[in-house]
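Could you put together the complete structure from these sequences and hints?
Number of protein chains: 2
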Amino acid sequence: MKGAFLTSRVVRKGLQASTLQARQRSSLPEQAHQTASLVQGEPNYPVVATAIPGPKSQELMKDLNDIQAVGSVQFFVDYARSLGNYVADVDGNVLLDVYTQIASLPLGYNHPRLLRAAHSPEMTLASVNRPALGSFPDARWPQKLRSALMWLPRDMTNVQTMACGSCSNENAYKAMFIVYRNRQRGSEDLPPIEDQQSCMLNRAPGSPSLTVLSFEHAFHGRTLGSLTTTRSKPIHKVDIPALDWPVAPFPMYQYPLDQFAAENSAEDERCLQRAEEAIEEYNRAGKWVAGMVIEPIQAEGGDNHASPEFFQGLQKIARKHQMAFMIDEVQTGCGVTGKMWAHQWFGLDGPPDIVSFSKKMLTGGYYHTDKYRPNAPYRIYNTWMGDPAKVLQLEEVISVMKDDKLIENAADVGAHLMTGLNGIAERRPGLLSRIRGLGTFVAFDLPSGGQRDKLMAVLRSKGVVSGGCGDASIRMRPSLVFQRQHADIYLGALESALAELGGD
Amino acid sequence: MKGAFLTSRVVRKGLQASTLQARQRSSLPEQAHQTASLVQGEPNYPVVATAIPGPKSQELMKDLNDIQAVGSVQFFVDYARSLGNYVADVDGNVLLDVYTQIASLPLGYNHPRLLRAAHSPEMTLASVNRPALGSFPDARWPQKLRSALMWLPRDMTNVQTMACGSCSNENAYKAMFIVYRNRQRGSEDLPPIEDQQSCMLNRAPGSPSLTVLSFEHAFHGRTLGSLTTTRSKPIHKVDIPALDWPVAPFPMYQYPLDQFAAENSAEDERCLQRAEEAIEEYNRAGKWVAGMVIEPIQAEGGDNHASPEFFQGLQKIARKHQMAFMIDEVQTGCGVTGKMWAHQWFGLDGPPDIVSFSKKMLTGGYYHTDKYRPNAPYRIYNTWMGDPAKVLQLEEVISVMKDDKLIENAADVGAHLMTGLNGIAERRPGLLSRIRGLGTFVAFDLPSGGQRDKLMAVLRSKGVVSGGCGDASIRMRPSLVFQRQHADIYLGALESALAELGGD
Chain A
1 MKGAFLTSRV VRKGLQASTL QARQRSSLPE QAHQTASLVQ GEPNYPVVAT
51 AIPGPKSQEL MKDLNDIQAV GSVQFFVDYA RSLGNYVADV DGNVLLDVYT
101 QIASLPLGYN HPRLLRAAHS PEMTLASVNR PALGSFPDAR WPQKLRSALM
151 WLPRDMTNVQ TMACGSCSNE NAYKAMFIVY RNRQRGSEDL PPIEDQQSCM
201 LNRAPGSPSL TVLSFEHAFH GRTLGSLTTT RSKPIHKVDI PALDWPVAPF
251 PMYQYPLDQF AAENSAEDER CLQRAEEAIE EYNRAGKWVA GMVIEPIQAE
301 GGDNHASPEF FQGLQKIARK HQMAFMIDEV QTGCGVTGKM WAHQWFGLDG
351 PPDIVSFSKK MLTGGYYHTD KYRPNAPYRI YNTWMGDPAK VLQLEEVISV
401 MKDDKLIENA ADVGAHLMTG LNGIAERRPG LLSRIRGLGT FVAFDLPSGG
451 QRDKLMAVLR SKGVVSGGCG DASIRMRPSL VFQRQHADIY LGALESALAE
501 LGGD
Chain B
505 MKGAFLTSRV VRKGLQASTL QARQRSSLPE QAHQTASLVQ GEPNYPVVAT
555 AIPGPKSQEL MKDLNDIQAV GSVQFFVDYA RSLGNYVADV DGNVLLDVYT
605 QIASLPLGYN HPRLLRAAHS PEMTLASVNR PALGSFPDAR WPQKLRSALM
655 WLPRDMTNVQ TMACGSCSNE NAYKAMFIVY RNRQRGSEDL PPIEDQQSCM
705 LNRAPGSPSL TVLSFEHAFH GRTLGSLTTT RSKPIHKVDI PALDWPVAPF
755 PMYQYPLDQF AAENSAEDER CLQRAEEAIE EYNRAGKWVA GMVIEPIQAE
805 GGDNHASPEF FQGLQKIARK HQMAFMIDEV QTGCGVTGKM WAHQWFGLDG
855 PPDIVSFSKK MLTGGYYHTD KYRPNAPYRI YNTWMGDPAK VLQLEEVISV
905 MKDDKLIENA ADVGAHLMTG LNGIAERRPG LLSRIRGLGT FVAFDLPSGG
955 QRDKLMAVLR SKGVVSGGCG DASIRMRPSL VFQRQHADIY LGALESALAE
1005 LGGD
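Protein chains in written order, with the working numbering: chain A, 1 to 504; chain B, 505 to 1008.
Since the hints were made in silico from the structure, they are not lab data. Since this is a predicted model, take the numbers as computed values, not measurements. Glycine included, every Cβ here is placed at the ideal spot set by N, Cα and C. Hints may be right or wrong, so weigh each one.
For the chain B half of the interface with chain A, some residues (derived, Cβ under 8 angstroms), not all of them [to be verified]: (1) 582; (2) 638; (3) 643; (4) 952; (5) 955.
See the structure below:
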């Protein structure tokens, strides 16, 4: 325990210095706090002390560049001085972080309960004795899976942990293929000898030309199978071999939604029809479509939302064609949309067959129905199959989420953000468009990619770390301890940045 | 720190009870300790208190089976009572572990220095603030990479961390494809617009039909790209789509090696020739072979060894065909063979282009030469890109390895094991064959898979956890704190088990 308090003291000490600097240097107006911070001791505002990346970050980039590529590094972080919604860099800047390590921090930085959990005896045991979970699990593993993962969704009865999002999706696809081939063969027995032999040469029938349908602009990961279903940006895919798998359009709505109800409904119909056509075309060609995978809100591909009716329609199509209906909640899961899982907004007729997760859930993995449990050991397997240290951490996260009502907080703050963004859009016509969100999973568009990139740079100079997505969108991916007062700082910085961008 | 000592106390208390049981119940003769244990307080012998899995493990299996498949679970572990080379289960059994979580524990269970490192302030920060390493690394990340990863191999200048072995290999293949296509285009510029557009539909030229050569019996992982190069067992591959990539035979030697030098040299020649033929055939068909991947010793596929000359020959072929020469050291790395990396035994003419690692290294990742650094940001990228908590743990492992001379220990104990196994083989002709090893990376064959499986069960009933591989092999994968006295217990148990198996 001593270590945890020590760390907390270091964090607080660092931040006192920052707050002093904040009073001296921040260009932002002081905001009245509406509620107490969910993370005690958090700064009140960002501090911008240098250009970002500052001189120390630039020095470290040169150093790191000796041993790996650094083209994607934004700045170097001082994690000991980061707290709650604020990330501190090595140059004395303390920034409001609405991107939170690509949407992967559930409780922001150095949450006191995670610091405490990091020193529990069971965490120590898990981290120094990482097991091969598929063969030698810890005595408390079933109980830990239940308390961290099985409290929601109630209607999905199985869970398989994995190390990361890509790996979770890859293994979920494998589960689809196994079930689909068993059905084609009409048997749960092990495949015939011809299949077992031909698969060793990567040839049919053992290596069948089964496929997975994904959607334009989708992002499902970066390993070769998951990358085949990713269709977000050329830089992710070009020069990498891919499988010939079908694609269908994801609805592209006109905004504001209430003014384009008929058009958007027609867009749903068009996309559903195209999805079914793609499935039928591939099935006719013997490239059987074993499943479809879709994000509830496409994130990397541009924060594209679709209606409950669209998802309901897909579920019907999947059933009709005896395919798996899989939802990839790697970015949308863990409460940010105002429900634990974004797909719970869709009023589906029964659970999806598979739901994958990672990022804020800290462990990768996927839920599935009984049907998608593999019919023999070692068909879905690897050395680690996840990491119990991450599941223990998640258990604490879930407990904090319940105690502090963080899902409700995301719904409330999200509504506050949307109101603020719509107000800004009205005051600055022609700059912000397509304002959209569920909970704090909020995005808006700039007129061009160039203006979007410029706005992000100006926001950073004002002490806000944000993320882009799609062609010209900014996405907000704050942690679950993001509150109204943080939203107000963000909105203030945005309006001020837009004024600079707009030239007034 | 308090937590660490607390945990150590719990471990010791549990083990005192076990040692008492050991004296009462062990069927094994007491072994004289030749040297002090590298992990203080470790038991002196295994304890077998129940059938394995015992009643508590069986109860837990039923419980876990409610939420996930348990067909591969061997027993449930009591990690608090495991120490050094001994794993304790929930039924009071304390077993000598020569399989160590599928070869993934570098220092056995609850090593005191890892317990201490688990409570350092920097470990706490890393574990509660897991960064997106490609964008927001910690200030000390370059230094940590150097001390944990860059001290060896000295001739490979770049390192990229990843979450697991499959993911490391997948990304290494991507690095190969990027470099190969750049060379084909004769440019380091971003690919032309036609490539960028066609890749979004998974079609050439943007999604090229590039390939990776792998070898019969190879194991490189379970995600779709790495699984395409895996050729170990049908259960890993059947029903999962694969890419059409080339394969070549891995040498299958006759043992003892010194009696079959000419035959084995001819086998090398045959396999090298077939590898080059496969490359030329695929290149002619426009399925350009961008690289080859090979294990220094094939592990999962049967602990197949090949000569330095074979690997030297492969490196020449790779150079001639302008392909990447990649060594997969996921299982062979981290000192077990008596060198830090098994390929250091091969006298290669310069470094391999890529070397991947995971398991005992605790973090996944790969080393590469400057040439394989991606030519633009975000081409090799994902959210986490590894986990600094694992790198901090590895830093401590490396420090212990140096302090306790664990690589030298592996060489010494390996030689002792080989002598012991050869003695047993002489005393029991017709039972053990193909005894082979480098360091403690040792294996031997039984006459049939059935006898191998039976021997493993008998060994377990005598308090030894071992692993099988290939058709009829037993592989030893102890941790680096496995010493001569542990080898003697193993050899005693083996000889006694063979006596049961042989019926005398």
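ask   = Taking each numbered hint in turn, which are not upheld by the structure, reported in ascending numerical order?
value = Of the numbered hints given earlier, those the structure breaks are 4, 5, listed in rising order.
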